[in-house]
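**Q** Sequence:
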Amino acid sequence: MTGLERQHLNDAAAIHAAGFRDAWGDGTLATMLGQRGMTGLVALGPAGKVCGFMIYRMAADEVEVITIATAPKARRSGAASALMSEMIRRCLLDRCEAIFLEVDEANKPARALYAGLGFRQVGERKGYYQQAPANVPDGGTAAHSNALILRLDLKRSH
Numbered sequence: 001m002t003g004l005e006r007q008h009l010n011d012a013a014a015i016h017a018a019g020f021r022d023a024w025g026d027g028t029l030a031t032m033l034g035q036r037g038m039t040g041l042v043a044l045g046p047a048g049k050v051c052g053f054m055i056y057r058m059a060a061d062e063v064e065v066i067t068i069a070t071a072p073k074a075r076r077s078g079a080a081s082a083l084m085s086e087m088i089r090r091c092l093l094d095r096c097e098a099i100f101l102e103v104d105e106a107n108k109p110a111r112a113l114y115a116g117l118g119f120r121q122v123g124e125r126k127g128y129y130q131q132a133p134a135n136v137p138d139g140g141t142a143a144h145s146n147a148l149i150l151r152l153d154l155k156r157s158h
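Counting in my numbering, the sequence shown runs from 1 upward without gaps.
Source of the hints: derived by calculation from the structure; they are not laboratory data. Check the hints yourself; a few may be wrong.
[To be verified] For lysine to aspartate or glutamate, the following EDC-like pairs were computed, each having C-alpha atoms within a straight-line distance of at most 16 Å:
{"id": "1", "residue 1": "K126", "residue 2": "D104"}
{"id": "2", "residue 1": "K73", "residue 2": "D11"}
{"id": "3", "residue 1": "K126", "residue 2": "E105"}
{"id": "4", "residue 1": "K49", "residue 2": "E5"}
{"id": "5", "residue 1": "K155", "residue 2": "D94"}
{"id": "6", "residue 1": "K155", "residue 2": "E62"}
{"id": "7", "residue 1": "K155", "residue 2": "D61"}
{"id": "8", "residue 1": "K126", "residue 2": "E97"}
{"id": "9", "residue 1": "K155", "residue 2": "D104"}
{"id": "10", "residue 1": "K49", "residue 2": "E97"}
[What the hints assert, rightly or not] Quick list of simulated restraints, FRET-style, between CB atoms:
{"id": "11", "residue 1": "A14", "residue 2": "K155", "range": "16 to 26 Å"}
{"id": "12", "residue 1": "Q7", "residue 2": "K126", "range": "32 to 42 Å"}
{"id": "13", "residue 1": "M1", "residue 2": "G127", "range": "31 to 41 Å"}
Here a beta-carbon is modelled for each residue, glycine too, at the ideal position from N, C-alpha and C.
Sequences and hints are given; from them, build the entire structure.
**A** Below you can see the structure in the form of structure tokens.
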């Protein structure tokens with residue numbers, strides 16, 4: 001586990017593209033990391049290869065997970081769990097009170113991870129995520145799924 005640095009951006013952008021319909025390129029990731037309160041982490045696999053990354057923003061005593069993604073071959077390897085655990089550890093050191101994130105209601109593995117870490121649903125954004133074009137039947141329109149807004153209360157859970 002290490003900080004997300006310039007040398008990781010190409011790999012992080014490729015991982016993001018593999019996991020999200022509206023992927024962010026390395027320039028977008030670099031711009032985000034340059035903004036106040038933003039922090040990036042990477043999980044490294046064998047030979048130091050990036051297998052997952054996350055970006056989160058701290059504002060006052062709250063943190064928002066901006067994005068988290070793992071390489072397709074690294075999914076279910078514990079990379080996302082390690083990233084989340086490291087972020088939570090850092091948030092506790094910084095005396096944060098809560099962490100927020102949004103997750104696609106259809107992403108059952110991610111939802112299970114977050115529930116296991118103590119996150120609870122506090123809201124919902126209807127129709128927030130659009131299904132990738134490759135998953136839409138010919139002639140069909142893109143389906144949408146809801147974003148679940150989750151919160152981890154650090155004062156009570158840790």
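**Q** Checking one constraint from the list: CA of K73 to CA of D11, max 16 Å. Satisfied?
**A** OK: K73 and D11 at ~13 Å, within 16 Å.
**Q** Mind checking the alpha carbons of K126 and E97 for me, to see if they're no more than 16 Å apart?
**A** This hinted pair is violated, its Cα atoms lying about 27 Å apart.
**Q** Against the 16 Å threshold, does the CA-CA distance of K49 and E97 hold or violate the hint?
**A** 33 Å, violated
**Q** Compare the distance between the alpha carbons of K49 and E5 with 16 Å, and conclude whether the hinted pair is satisfied.
**A** Between K49 and E5 the Cα gap is close to 13 Å, so the pair holds against 16 Å.
**Q** Check whether the Cα positions of K155 and E62 lie no farther apart than 16 Å.
**A** 11 Å, holds
**Q** Run the distance test for K126 versus E105: straight-line Cα separation, threshold 16 Å.
**A** 10 Å, holds
**Q** Using the beta carbons of A14 and K155, state whether their distance is inside 16 to 26 Å or not.
**A** At 37 Å between Cβs, range violated.
**Q** Does the Cβ-Cβ separation between M1 and G127 fall within 31 to 41 Å?
**A** 35 Å, holds
**Q** Within 16 Å, alpha carbon to alpha carbon, are K155 and D61?
**A** The hint holds at about 11 Å.
**Q** Next pair to validate is K126 with D104; report whether the Cα-Cα distance is within 16 Å.
**A** Roughly 10 Å separates the two Cα atoms, so the pair holds.
**Q** Is the hinted pair K155 and D104 satisfied, with a Cα-Cα distance of at most 16 Å?
**A** 26 Å, violated
**Q** Range first: 32 to 42 Å. Now tell me if the beta carbons of Q7 and K126 are that far apart.
**A** 39 Å, holds
Comparing the model with each numbered hint stated earlier shows that hints 8, 9, 10 and 11 do not hold.
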